[in-house]
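2 protein chains.
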Amino acid sequence: MEATKRHRRKMQSVTMMDVAERAQVSPSTVSLYLRKPDAVSATASRAIAEAIDALRYVPNLMAGGLAAASSRAVSVIVPSVRNAFFAETVATMQAELGKERLQVMLGHSEYSEREEENLVKMALSWKPAAVVLTGLSHSATTRRLLKDGNVPVLELWELGREPIDMAVGFYHEQVGSTAATHLVQRGRKRLLFLGARLQEDRRATLRADGFLKTARETEGVSAEIVQHPAPANAAIGAMLLAEAIRKYPDIDAVACSNDHIALGVIFECQRIGVQIPERLSVIGFGDLSFSAACNPALTTIRPPGDLIGTEAARLILDRIHESGRAASSVIDTRFTLLQRQSS
Amino acid sequence: MEATKRHRRKMQSVTMMDVAERAQVSPSTVSLYLRKPDAVSATASRAIAEAIDALRYVPNLMAGGLAAASSRAVSVIVPSVRNAFFAETVATMQAELGKERLQVMLGHSEYSEREEENLVKMALSWKPAAVVLTGLSHSATTRRLLKDGNVPVLELWELGREPIDMAVGFYHEQVGSTAATHLVQRGRKRLLFLGARLQEDRRATLRADGFLKTARETEGVSAEIVQHPAPANAAIGAMLLAEAIRKYPDIDAVACSNDHIALGVIFECQRIGVQIPERLSVIGFGDLSFSAACNPALTTIRPPGDLIGTEAARLILDRIHESGRAASSVIDTRFTLLQRQSS
DNA sequence: TGGGCTTATCATAGCGCTACGATTTAAGAA
DNA sequence: TTCTTAAATCGTAGCGCTATGATAAGCCCA
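First to last, the sequence lines map onto chains A and B.
Numbering (the numbering used here) for the first sequence: 385 to 727.
Numbering (the numbering used here) for the second sequence: 385 to 727.
Read the hints as simulated data drawn from the structure, not as lab findings.
Check before you lean on any hint, since a few could be wrong.
In this list, chains with the same sequence are indistinguishable; a pair is considered to hold if it fits within one copy or across any two.
[To be verified] BS3-like mimics (lysine-lysine), calculated; alpha carbons at most 30 Å apart, straight line:
#1 Lys483 x Lys531
#2 Lys505 x Lys483
#3 Lys631 x Lys597
#4 Lys631 x Lys573
Modelling step: build the complete structure from the supplied sequences, incorporating the hints.
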């Protein structure tokens, strides 16, 4: 025994080398086949495919990522996937990115910039193919990390100020404005905005702002706001309506920061005998799964959560494929007003 | 020039080596500090921490994972995060695992075993610290991959047959049985189960089975089922109730496969003037955000989505820490009946 | 004072893959 | 047939880190 080996290591059962050997090609060719199948001849492709199958080869993406200095993971950070809006976008993105074998890494900021910053730091450790954030407000450190990180960055669900890199979403002030205009067109004069958790949900605040601004700029129309710091749900909605009627007995229309609130309003009106829409018009935001089935069916504004996801995925894939490009994109997905019975 | 270097490589700006140099220790010590801070002296720790901070060092987890032959990623595969139940569990798991710097990699099977299999293959390429699946039904290949993969495996949200490795959840037949027993105790005799997408949602089917079995075993009680293949939502719920009343005019209680269906039932009853609970008792499943605020408030069974997430995270962390253990665990989280006005 | 511990630190050999440039082969053109 | 050019394929040096075992430094008690 000549050499006294001191080191030993566990290892992966089947490596690319094994595949190469069986297919009678070099490891480089196997690697090429896996990354760009078109660049490999039909003969080689067949042999490699057979070998992969026979050996049950599973590529090691950590090794690949290390060698390539970038991984096939996309870090997606949302306030919470418990929120149906973001769940829709995350689900759509995962489906689209999964087709190209990109992995979604999920993080929840819980509406905290501090937490978002931690998640971004963690994400960067993975050399992700892209980092996806929600909204346009981030800590200075987050911004710096992302700009220095030399990584495609997407900001979803909000348009307005300058994005770090790319953005897909819509203008929330416009949502509020559209709601106000709609109610006015329906002949309403005493408008009210019902909001929950506005201190944390910047986008809901923008909707409220747009609503109040547009309403107050209209001749002969008044607009007030009633809010609560708790997260939006139907119970809060019911509570808010009760409070609103106490404070402003003559209101004839309410816009809600989302459909959960609106659902609570509908229930509360049933209980206290307020007729919708005769006595009170109601408009929500979200078009959640129950909105069309309410009694009365809820007029609402539908944000395109799925479209945001597909567009985001498309931008990421574009960036990956034509890696040279630096064009920064902003996509306005718009939103849709769905008029139903409640207004 | 002696050597003609042919190779060149881009690289990470700051590596562990840079940190080691600045802190006047070896790279090994830095690595140790990062993985087990307690094993490093206070002096060294301070110097390393300072260096990391000053250089803004970001560890490369791909390199770490490759060297360690396992990553700090946990692959979580759920039918869809659009479903509030799974969203709750995913969110909770991410929060718990994130504390220990584990990344959640998300996949959506869309209730397809074929798709789940693909996702598991992709997941395994990352050498995850654990693989988390939903339910106990998987393709044979999925099972084999996971067993050969030498990876901790968790199956959530369902108990019953033998798990691959560990399982956290509850018995869905028990849920159905509990619902039936409750309605009988409230004096109901003509029971009905309203279900959506039962062909795909195995767990909803188990609830239906448990419900029908228990009801039919009870003296003087009858039970029927009405279902629809579309995904559960309030509109389907309303439709199902209308159909149910047409088919079985004398029913006095309905159990719904989830609260979305129950919400539709409530709305439909309001429209057609059926009094809840006087004429008809209603019980749901899920305790969704609106359930307590309905009119009338909905009696429902609450599955502990958050508990499932925390318990799952705990099991994974336990496995990582005491890596020798092979004890396979099954945790029954139970569920809670919430009696409200609708029954 | 020194032997036997424990504790802290270190040097080094890969982990499995991809990028790079070089080399071989195939296909046309002359 | 030879030369040129394009298409396939190959050889190899790392990517940045961790596991391993070795060494050095403290510490206790005889």
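### Task
Could you tell me which of the hints above the structure violates, numbers in ascending order?
No numbers; nothing is violated.
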